[in-house]
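Student: Chain by chain, the residues run as shown.
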Amino acid sequence: MARAAGGSAALLLLADGRLPAGGYAHSGGLEPAVTAGRITDMAGVERFLIGRAETAGLTAAAFAAAACSRAARDDLSDLSGLEAELDARIPSPELRTVSRNLGRQLRRAMAGIHPHPHYATLGAAPHQPIVMGVAAAVLGLGPRDAALAILHETNSGAAAAAAKVLRVDPFEVHAILARMADRLDRLAGEAAAAAAGPACDLPAPASPLADIAAEHHRRTHVRLFAS
Amino acid sequence: MYVSSPPEPVGLANRMTARAALATELSGGASRIRALRSDGPLVLRPSHPKGAEPLTHRRPDVARVSLAAGTAGPLGGDDYALSIHVGGGSTLVLQEVSAMLVLPGATGGRSRTAVDIRVESGATFVWWPEPIIAAHRCDHEHDIRIEIAPDARMILREEAILGRHGEMPGDFASRLRITRGGLPLYDQRLRFGPGAEGADGPAILGDAGAVGSVIVVDPVWVDDAPPALPFHRDAARTPLAGPAVAIAAIAADSLALRRLLSRGVQDLGAPWAA
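Protein chains in written order, with my numbering: chain A, 3 to 229; chain B, 4 to 277.
With the rest of the complex left out, here is chain B:
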């Protein structure tokens, strides 16, 4: 039997695919946006400082971009990808307008967000996003890959909230892999939700409602990274096997998590303290 038009697979009709890109360069002593391509739900806009910033507070010579959500989601089945290129010597501050709510789709299926980042020689990348909220019955895979040049600097924050107020989270996995000069520096994949056995136990997250971390890479720490510092029962700063530290925390909710992470950043002192 000849089929002129194969039936569209169930669910695909409602899927949203987005491919956005952002690039900066150093030009005349200041950083400028070289490329800015929004796509559907991933809306990129040049922006003003949103509030206190680590490292770049009040500096006018940096490129600032905000990521806003053009639609609800991602929803189950959606596939988002964002490519970021911080050109040699330039400074990019990437912020977000609001928290991202990850929801189940009408037809089920997993949603995916992939962020691919290159931080070139002498560049600085400040990624200061808002939390990701994993709603009940969501199924989301977040995948962030960063390659940073050995003489580049970076600070980034990631916060995940386990469900909206009073609800159990869906399945959520977030991978962050950082390579520096091509060598692995940090690679962690955090999972929670009904499919992640033991995640709500005392080895992983306990009864936390929020989990997050701040990763800071600075080449001046090659021989002398800030020492390990467990600064709260639920939070610690840990030097990585390289010129970098991770500040990790769990908390009951997003506000308490933000307080712990901010304290960890303040403890780093200048120039990182916001």
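Next comes chain A alone, as it looks inside the complex:
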């Protein structure tokens, strides 16, 4: 997994929303929050994205970083332990299912794009952050890169969804993403630091409204995004 220099291009590949891994079908909870009337304008979009990055984003980033450091050591023996820890941090069964669907699609994409024996050991429906971490390691990236990739991909994906469910100026959407750049860097650092410790101590930030809205959304007949 040695790489000539940097690895930045591999990171951009992994974090690119155009990676054919199914992320475009999800709004990361933004559409459910709009449907519930909790987001009505751009200020609401920004507050949503910040809260999501600080909770579900940090959790995903920490688990991606933890899976990356294990895969980089070729030690996938306790990935099922990581999966169980992540399950315990997602009270909503709908969000657990979404995470596993996205994980399955990401594994399928990455196994086709850049094959590696690690992908066969991940089980039938691994969580998305676990696959992201393994994919980062396979591409020669480190835990912090894995954390940054999933933070960026999920954050920009949710922001892009705002343009479809609200009347918004796309420049304003990207202005929010620009303002959040330092935050994602900081969260990636926190995630990588946590990943160096035991799995039971990985971050577990709660987001009750995201869980409640996800369960309502699954029962909504008219919706643009799966989640």
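Misleading hints may appear alongside valid ones.
Said to hold, decoys possible - Among chain B residues calculated to face chain A with C-beta under 8 Å, some are:
| hint | residue |
| --- | --- |
| 1 | Gly54 |
| 2 | Pro63 |
| 3 | Asp64 |
| 4 | Val65 |
| 5 | Gly204 |
| 6 | Val214 |
| 7 | Val223 |
| 8 | Asp237 |
| 9 | Ala239 |
| 10 | Thr241 |
| 11 | Pro242 |
| 12 | Leu243 |
| 13 | Asp256 |
Please keep in mind that the hints were generated in silico from the structure rather than gathered at the bench.
Just so you know, even glycine gets a beta-carbon here, dropped at the ideal spot from N, CA and C.
Keeping the supplied structure of chain A fixed, place chain B upon it in accordance with the hints.
Tutor: Only chain B this time, still in chain A's reference frame:
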């Protein structure tokens, strides 16, 4: 220079440390209190039923204990720890006399409450406390760890109120980690207050004044946990990845929160409905 007595660090003089413990056991077919150690502000007393109880309503053969606050607080700098051991086959109902008000200390600093709970094989634990109120400028860390045996049952409620009437809350974090047979079942750390960015946004709590949950673990649900049920715009029951459900709700105030959580428990039906 020789210093005979190092100066006491500023603030430590006003700190309160408390270590309380509670244990139950099954004896002659009934549950009894095996150990009860109060400490300073953590006052534990054998008690009578306080009102409607889930699971154990009107049952005389269970051990009932009330936790009361012996002083105001916790205040900034205070460090409380409570250890609870529900012995094999026994049933413990732990209640509280009144809501807990978390306040800032005179000299600042974070207050901490740690609760460590073991629920042994065949035991039942009912934890039905009153809300925690996070007062303006408080800085509190609440840390609850529960290990429950695979064949034990449990129901617990947690409610947090974001400030007293008309005030903004201070910094508050509450972690609840439940392991079952040593494996993780539920792990959530809820934060709000000025230091928790985005907590008052639409992904976490919105403009709620109260947030809470009820966690129910029952081994009979191994293959068949109650299904997900979003029963109100601001509340949902969700089955966990194990024989357990979480009922989560946000509300404008403590009364509205209690109503939502009680409705979630009633929806579980017998034997959980209070």
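Student: All hints, please: hold or fail.
Tutor: Each hint tested on the structure:
Contact between glycine 54 of chain B and chain A, as hinted, is not supported at the beta carbon level, the nearest pair being about 26 Å apart and thus beyond 8 Å. About 35 Å separates the beta-carbon of proline 63 of chain B from the nearest beta-carbon of chain A, more than 8 Å, and the hint is not met. The restraint placing aspartate 64 of chain B at the interface with chain A is violated, with a minimum CB-CB distance near 33 Å, outside the 8 Å limit. A hinted interface residue such as valine 65 of chain B counts as satisfied when its beta carbon comes closer than 8 Å to some beta carbon of chain A; here the least separation is about 28 Å, so the hint is violated.
Hint status for glycine 204 of chain B relative to chain A: holds, with the closest Cβ pair at about 3 Å, below 8 Å. Because the beta carbon of valine 214 of chain B sits about 6 Å from the nearest beta carbon in chain A, less than 8 Å, this interface hint is met. For valine 223 of chain B, the interface hint is violated, since its Cβ never comes within 8 Å of a Cβ in chain A; the closest pair sits about 19 Å apart. Interface hint status for aspartate 237 of chain B: upheld, as the beta-carbon distance to the closest one in chain A is roughly 6 Å, under 8 Å.
Given the 8 Å rule on beta carbons, the hint for alanine 239 of chain B holds: about 4 Å separates it from the nearest Cβ of chain A. Here the hint on threonine 241 of chain B is kept, as its CB sits about 5 Å from the closest CB of chain A, short of 8 Å. The criterion of a C-beta within 8 Å of any C-beta in chain A is met by proline 242 of chain B, whose closest approach is roughly 6 Å, and the hint holds. Among the interface hints, the one on leucine 243 of chain B holds; its C-beta lies about 6 Å from the nearest C-beta in chain A, closer than the 8 Å criterion.
Interface hint status for aspartate 256 of chain B: violated, as the beta-carbon distance to the closest one in chain A is roughly 16 Å, over 8 Å.
Against the hints set out earlier in the document, violations occur for numbers 1, 2, 3, 4, 7, 13.
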